[in-house]
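If you're matching them up, the sequences are chains H and P in order.
Mind the numbering: the first sequence is residues 1 to 788 in our numbering, read in order.
Mind the numbering: the second sequence is residues 789 to 1037 in our numbering, read in order.
Honestly, the hints are just simulated from the structure, not real lab data.
Where is the CB? At the ideal position from N, CA and C, for every residue including glycine.
Check before you lean on any hint, since a few could be wrong.
Said to hold, decoys possible - Just so you have them, the derived chain H footprint on chain P, three or more residues with Cβ under 8 Å:
#1 857 to 869
#2 883 to 889
#3 911 to 920
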Amino acid sequence: MLSYLDRKVVRDLSRMKGQAIAVSLVMACGLAMLTMSRSLIFSLERTRAEYYQENRFAHIFAHLKRAPNDVRERVAKIPGIAGVQTSIKVQVTLDMPGLDEPASGMVLSLPDRGEQELNRLFLREGRWLEQGSRGEVLVGEAFAKANSLRPGDSLAMLLNGRRQSFNIAGIVLSPEYIFESRPGAALPDNKSYGIFWMPYEEVAKAFDLYGGFNYLTAMLAPEGKEKAVISEIDQVLQQYGGLGAFGRGDHPSHIRVSDEIRVLQTLSIGFPLVFLSVAAFMTNAVLSRLLTLQREQIAILKAFGFSNREIVLHFLKFAFAMVIAGVSVGTVGGALLGNRLVRMYEMFFRFPELHFRFDKSALLWALLVSTGAAMIGVFSSVRRAAALPPAEAMRPEPPANYKPALIERSGIAHLFSHSFRIAVRNLERRPMQAVFTVAGLALATAILIIPSTFRDSVKQILGVQWDIVNRDDMTVGMMEPASIKVHDNLKHLPGVVQVEPFRTAAVRIRFGNRSRQLGIRGLPRNRIHTRVVDGSLHEIVLPPEGLVVSDKLAEILGAKVGDEVIVEVLQGKRMTRTVRLIALAEDLAGIGAYMDMQGLNRFLEEGDIINGASFTIDTAHRSQFLRALKDIPTISWVAIKETLRDNFRKTTAASINLLQSIYMIFASIVAFGVVYNNARISLAERSRELATLRVVGFSQREVGAVLVTELVILAGMALPLGLLMGTGFATAIIKMVNTETVRLPLVLTSSNYAIATLTVTIASVLSAANVLRSLKNIDLVSALKAPE
Amino acid sequence: MTLTSSSPIEESARQGERIFHVRALTKLYGVGDTVVRALDGVDLDLFQGELIVLLGPSGSGKTTLLNQLGGLDWPTSGELQYRDMDLTSATEAALTRYRREAVGFIFQFYNLIPSLTARENVALITEIADDPMNPVEALEMVNLGARLDHFPAQLSGGEQQRVAIARAIAKRPKVLLCDEPTGALDLRTGIVVLEALEKVNREMGTLSVIITHNATMADMADRVIRFSDGRVQSIEKNDHRAPASSLKW
Ligand SMILES: Nc1ncnc2c1ncn2[C@@H]1O[C@H](COP(=O)(O)OP(=O)(O)O)[C@@H](O)[C@H]1O
Ligand SMILES: [Mg+2]
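Same shape as in the complex, but just chain P (with noise of 0.2 Å):
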C-alpha cells in the first residue's frame, strides 16, 4: 500500500474511461440554525473498472455523497457529471432513466421486496432493463442457483445480500453503489457477499464503489477513499488488491 501524492484528486491507476468527474460538491440539509453540511466541497473523478471502498465513520456524508452518485438526489451546489450527463441539473424523469439504465444498488439492510421470490426479485429489474443479464445467471453468478424460487423471509442476511447483488448486476449497469452491505452481516457471511462483489467487478468491469466503516475491507479496493465531516480526506491506492477471502476483522 502506497499513499498517493499530495493532490487527493489526482489519479494514478487510469483503468479506463472516467465515469464520475466530481468537483466542489456541496449538500446541506435542513434549513436556518438546523442546517447540517452533509457533504461540504468533495472532489473526486471515479473510473471503469475500478473498486473503490469508502471509508468514514458514521455520519460523515458517505451515504450522501452515494445518494448523490446514484442520482438519488440533487446536490446543493457544485459540479458532478456521470459520463456526459450533469446530474446536477437533470430533472426527475431524466434522473429516474439514469437509475434504470446506469445504477445497480446495494443497500445495508437488503431491501428485497419480501412478497417476490429470490428469482422475482431479480426479474423485477431485469423486466424494465435494455439489456439484461438472465436473472437465473445473475444468481447463478453470487453463488443462489439453489434458492430461486425462496422468499426472502427463506434466506439467510448473506443470502439476501446475494440476492440484491445479483438484482443490482442483473442489468448490467455501469455503477454498483453498495451502502455497508456487509454492516448487517456477520464475518463469515460477509466475506461471501464482498467475495460475490469482487467477482462482479472483476467479470463484469463494473465500477463498484463500497462504503463501509470497516477498515479491514480497504485492502480489496483498487482504490481506498477516506472520509469525514463530509470531505474527502484522502485517496489511497492499493498496489494489489487483496482477495476478499483472505480478509479478516
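Here chain H stands alone, though its shape is the one from the complex (with noise of 0.2 Å):
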C-alpha cells in the first residue's frame, strides 16, 4: 500500500497533471529518439554482425584477371588466413524484355561440388542450383524484386556475346550485396543492374576462364592483420592481374550499411540531448513552482519531524513518476517508431531477416539519462526544500519584490499598454523562468531547422549533381574499352542530339601511408555533360596533366592542391606514378577522381581508348534509342537518369519526409508543453494578482492580454534565437554525417526558416489559447481570501 506521503505525491500529480503531461511528453519525445535510433543502430550492427557470421563473409576481396586454381592453395598458406573462396566474377548483359533500356549485371560462380566457403547465399525462395545442372541461376533478391521474377521463370543473358536462357531456380540474399548496387554507382537501380550466381562449369566455360579465377576472398584468422595479409595477397596475384586486394573498408555494401549506421549514431546522441535538456528546464520550472506553492506544508511535514532527507525524496517522486511516465512512453513510442523505420531499411538493405531488435540498454540509457536529466532539473529547488528552515516557513511570505522595469527606467514607459507594463515587470522579476521559456521554446524551433536542411541539401545536391555535374540524359558503359571510333558509332543511334565518350580507370591512389581504390574518370576537352566543379559550382578546367580529387578523398588521403600523389593502376600495364593534385571537386557520389581523357589515356600508355559514354537524348525517340542499345552487345550498362531520379523519390526522399514529419510533431509537442507550462505556471503563481486586476474592474480580455503579451515578449525573444541554434545544429549534425558515400552540402534555405517559425508559433498559441480558457474560471472571491 502507498504510503500516506505517496498518496500526497499521486493526488498532487493528478491536480497538475497537465504541466507533469507536458514535462513526461518532451521527456518521451526524446527517449523516442534515444531507444528509436540505439535500436535501429542494434539492429542493423547486430543483425549483420550474424548476417556475416553465419554465412561467412570475407575481410578481404581482390579481383585480378585470371589466375590457375591452384593459385588458390598459395594463397591459403598466407599466415593469418583462415580461409579462401575463389571464384569467377564476370559482368553479363540482360535480356529484359520487359525493360526499354538494357540491363546489366554481375555473374558470380559457385563451386560446382558443395558448398562455397566464404560468403554463402541465403536462400529467399525456390531451391539451390542441382548438382551438375546447366542453364539455372540464382537470383540476387533487389533484382528480383524490382523486376517481379519468381522461381521457375525464366531469364536471357549474354554470355561473353552469347545469348542463354536461364532457368531462375531460386531468390538468393548474398552478404555481399546487403546493399545492391552497380561499382562505382551512387543510387540504386534495381530494375537494371542485378547480381547472379551459376555454377562455376557454366560461366568459366563461358568466359574462357575454366580452370583459373578472377575473384578471391580470404577470411582472416582472429590473429590476422589486414594490412599485411592485404600486401600478402597483392604479391601472389600481381603476375595474374590482380587489380589490389581490399578490405571490407573498402566494400560498397559494407560502406553503406556502416555509415547508416554512422548517421543514426549521429541521431541517437544529438536529438536526445536537445529534448532532454528541454525537459530538464520544465522539470525545474513545474518543482520550483511546486515547491514555492508549497512552502508551508513543507515547514509543516518538518515541524511534525519528517527529515530533510524524507522531504528531499518526496519531492524528488514529482520529477521520478514524470520521468518514468516519458520513460515508458518514449521507449513504447521509440519501439513503435523504430519498427516503422526498419521497414524503411527494407527498401535499401537486403537481410534474411531485418527485424526491429529493441535494445534493452536504450531502456537503461534512457532511464539513466532522463534520470540525470530530471535530477539537473530539480536539484536546485529540492535543496531549497531541504534549506527551509520550518520555522521560518510559517511566517507568511513577503510581497513580491517588484521594482520599475527596465523600460520605466528608460522612460519610454508611458508608450506601452498596462498590460505590457505589467508584463514586463513579471517577465524581470522572474528572470529565471522567463529563460527556461525562451530557452524551451527557442530549442524547439531549433529542432525543426535540422530536417529541412537534411531535405534541402539532398535537394540541393541532387540538383547539383543532376542539372549541373551531369547534363546528359542517359550514361552508357561498355563491357571493354574499345577504340575512340566507337563514337562515331553512337553518334549515329536513333535520337541522339549529343554523345560524349569517357575513359575509366580502376587505381590506387595513395599520400604518405593512407590509401583508397577508385576508378579515375578521364572526360574530354570540349564537353557538354559531365562537368567537374569546384565548391562554389564553377567549372574546373582539366589541363592536359594533373589529377582533380573530390573534397572528400582528399580529406581521407590528408592531401592537399599542389601536393604529389601516387597513383597505381590496377589493370592493363600497371604502372604507379606520381601525380600533381591540381584541384579539388564537389562531389555527390563522395569520392571520387578526374583527368583530361587524352591525358588519362597518356598515362595509361593506351591509345585513344574509351569505356563509355553520355547521351542527350531527343525524348520523341527515347524508347528507339534503348531498342538500338540493347541490340550492342558491347554495352555493359545503362544508367538512365530520370530512373534514378525516380528511385530516389521512392526511397530516400521518402525516408527523408518521414523522418522530417516525426521531428515536426516533436517539435510541436515541445513548444506547445514549454508554452503550456509557462502560462500555467504564471497563471498560478499570480492568481491572487490576476483575480484582483479583475476585481478592480479589468476584463476577462484584458487580464487575458497580460499573459498573452508576456508570452509574445518571450516568443519574439525565443525565435531567433531558435533559429540560430537550428543553424547550428544543422552545421554540426551535416558535418558529422558526412561520410564517403553520403556527402551533404549545409543548405539553408528562407522557408525551412518559415516553417520552423510558423510551427512554433501555431503550437504556442493553440496551447495559449489552451491555458486562457480557464482564466474564466478564476474564482475572484477565493483568489482574494488569506492562503490556506
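Need the complex rebuilt from these two chains, each delivered in its own frame; the hints are there to steer you.
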C-alpha cells in the first residue's frame, strides 16, 4: 500500500497533471529518438554481424585477370588467413523483354561441388542449383523484386556475347550484396542491374576461364592483420593481373551499411540531448513552482518530524513520476517508430531477416539520462526545500518585490499599455522562469530546422549532380575498353542529340600511408555533359596533366592542392606514377577522381580508348534509342537519369520525409508543452494578482492580454535565438553525418526558417489559447482570501 | 485567581515530571543595526499535564518561544532542556527525532495538507510515530468521526483546526504546542476547538501550551504566562480551571 506521503505525491500530481504530462511528453520525445536510434543501430549491427558470421562474409576481396586454380593454395598458406574462396565474377548483359533499357549484372560462380567456403548465400525462395545442372541461375533478391521475377521464370543473358536462356531456380541473398548496386553508382537502380549466381563450370566455360579464377575472397584468422595479409595477397596475385586486394572498409555494400549506422549514431546523441535539456528546464520550472506553493506544507512536515531526506525524496518522487511516464511513453514510442523505420531500411538493405530489435540497454540509457536530466532540473529547487527552516516557512511570505522595469527606468514606459508593463515587470522579476521558457521555445524552433536542412541539402545535391554536373540524359558503360572510333557509331544511334565519351581506369591512389581504390574518370576536352565543379559550382578546367579529386577523397588521403599523390594503375600495364593534385571537386558520390581523357590515356600508355559515353536524347526517340542500345552487345550498362531520380524519390526522399514529419510532431509537442507550462505557472502563481485586476475592473480580455503579452515577448526573443541555434545544430549534424558515401552540403533556405517559425508559433498559440480558457474559472472571491 | 509569589519561575503546581527547563533563554534575529531581540532572557519550568496559556501582545516573542520549545529552531544563548535533552546543542537530526517523537504542533492557519483527507492527514503523522493512536480514534476524540474522508477544502475552519488537533495528538506527544489555535476562528467554533484541546489535556495528560492574545482564555489554564518584549512578565496560577465552554469574548 502507498504510504500517506506517497498518496500526496499521487494527488498533487493529478492536480498538476497537465504540466506533468507536458514535461513527460517532451522527455518522451527525446527518449523515443534515443530508443529508436539506439535500437536501429542495434538491429542493423547485430543483424549484420550475425549474417556475416553465419554466412561467413570474407574480410578481404581481390579482383584479378585470371589465375590458375592452384594459386588458391598459395594464398591459403599466407599466415593470418583462415579461409579462401576463389570464384569467377563477370559482367553480363541481360535481355529483359519487359524493360526498355538494356539491363546488366554481375554473375558470380558457385563451386560445382559442395558449399561456398565464404560469402555463403541465403535462399529466400525456390531451391538451390542442382548439382551438374546447366541453364539454371540464382537471382539476387533486389533485382528479382524490382522485376517481379519468381523461381521458375526464365531470364535471358548474354554470356560473353552469346545469348542464353536461364531458368531461375531460386531467389537468394548474399552478405556481399546487402546493398545491391552497380559498382561506382551512387544510387541503386535495382531494375536494370542485378547479381546472379551460376555453377562454376558454366560461367568458366562461357568466359574461357575454366581451370582458373578472377575473384578471390579471404577470411582473416583471429590473429590475422588485414594490412599485412592484403600486401601478401597482392604479391601473390600480381603476376595474374591482380587489381589490388581491399578490406571490408572499401567494400561498397559494407560501407553503405556502416554509413547508415554512423548517421544513426549521430541522431542517437544529438537529438535526445536537445529534448532532454528542454525537459530538464521544464522539470525545474514545475518543481520550483510546486515548492513555492507548498512552502507551508514542507514546514509542517518538518515540524512533525519528517527528516530532510524524507522531504527531498518526497519531491524527487514528483520528478521521478514524470521520468517514469516519459520513459514508458518514450520507449514504447521509440519501439513503434523503430518498427516503422526498420521497414524503411528494407528498401535499401537486403538481409535474410531485418527485425526490429529493441536495444534493452537503450531502456537503461533512457532511464539514466532522463533521471539525470530530471535531477539536474530539480536539484536546486529541492535543495531549497531541504534548506527551508520550518519556523521560517510558517511566517507569511513577504510580498513580491517588484521594481520599476527596465522600460520604465528608460523613461519610455508611457508608450506602452498597462498589460505590457505588468508583463514586462513580471518577466524581469522572474528572470529564470523567462530564461527557461525562451530556451525551451528556442530549442523547439531549432529542432525543426534540422530535418528541413537535410531535405534541402539532398535536394540541392541532386540539383547539382543532375542539373549542373551531369547534364546528360543517360550514361552507358561498355564491357571492354574500345577504340575512340566507337564514338562515331554511337553518334548515329536514333535520337542521339549529343554524345560524349569517357574513359575510366581502376587505380589505387596513395598519399603518405593512406590510400583508396577507385576509378579515375577521364573526360574529353570540350564537354557539355559531365562537368567537374568546385565548391562554388564553378567549372574546373582539366589540363592535359594533373589530377582533380573530390573534397572528401582529399580529406581521406590528407592531401591538398599542389601535393603529389601516387597513382597505382590496377589494370593494363599496371604502372605506378606520381601525379600532382591540381584542384578539388564537389562530388555527390563522395570519393571521385578526374583527369583529362587524353591525358589519362597517355598516362595509361594506351591509345585513344574509351569505355563509356553519356548521351543527350531527343525524348521523342527515347525508346528507339534504348532498343538500339539493347542490340549493341558491347554495352554493359545504362544509367538513366530519370529512373534514378524516380528511385530516389521513392526511397531516400520518402524516408527523409518520414523523418521530417516525426521531427515536426516532436517539435510541436515541445513548443506546445513549453508554452503550456509557462502559461500555467504564470496563471497559478499570479492568480491573486490577476484576480485583483479583475476585481478592480479589468476585463477578462485585458487580464488575458497580460499573459499573452508575456508570451509574445518571450516568443519574440525565442524565435530568432532558435533559428540561430537550429542553424548551429544543423551545421554540426551535417558535418557529423558526412561520410564517404553521403556527402551533404549545408543548405539553409528561408522556407526552412519560415516553417520552423510558423510551426512553433501555431503550437504556442494553441497552447496559450488552451490555458487562457481557464482564466474564466478564476474564482475572484477565493483567490482573494487569505492563503490556506 | 491568585497572584503567585514574587519569583515568576517558582511554580506552585507540581502536578508531575518537569518537561521543560528554561533559563536566560535569548533569541536574536538579524545582525548589526537590524538585530531583533525576540527573546530576551526567559526563565521558565513547565510540567507534565499542565495546560498553559501564553498571553502577550503581537510581536512580544510568543511564537519565537514556542519555536524554541518545539525544536524548530536553535536559541542564541541560554539553557533549554526537554527532560534530559539539551535542545540548545542538539543536532538537526536530533531535533527532527525530538519533533517526531515528542511534539505536536497546532498552528493558526491549520496547515493541513490539502491533497490529503482528514483521516490521511492524521495517518501521515501516525505512520512515522512509534506508538500512535488509531487516526480514526484521534478524529473521534475531536468529534470528527463523521468527517473522516473529507478533504480540507470541504471542511469549515473549525473543523480543519480540529483535524489539526487530531493530527497533533495522534502520536501521543509529550507536548502540545498551539500557536493561536483560535486566531482564525469565530467565537463559537473557537470554543469547540478549545474544548477539544482541554479534553486532550485532561484525558491524555499532555503538557499543552496555548498561545493567544485573547485574555479571556486565561481562565481555562492551570497557569497563565504573560509575555512582553521577549520576557516573562508574570506567571499566574489558577486554582480552578474554568471549562472552555464557559469562556466568553
Ligand atoms: N525569522 C525572523 N527574522 C527576523 N525577525 C523575526 C523572525 N521571527 C520573528 N521575528 C521578530 O521577532 C519578534 C517576535 O516575533 P514573534 O515571536 O513572532 O511574536 P509573536 O508571536 O508574539 O507575535 C518580532 O519583532 C518579529 O518581527
Ligand atoms: Mg505569533
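Each hint, compared with the structure:
Proximity of the region 857 to 869 of chain P to chain H, defined as three or more residues with a beta carbon under 8 Å from a beta carbon of that chain, is established by the 3 residues found. Counting residues of the region 883 to 889 of chain P whose C-beta lies closer than 8 Å to any C-beta of chain H gives 6; at least three are required, and the coverage claim holds. Chain H is given as covering the region 911 to 920 of chain P, and this holds because 5 residues of the stretch bring a CB closer than 8 Å to a CB of that chain, at least three being needed.
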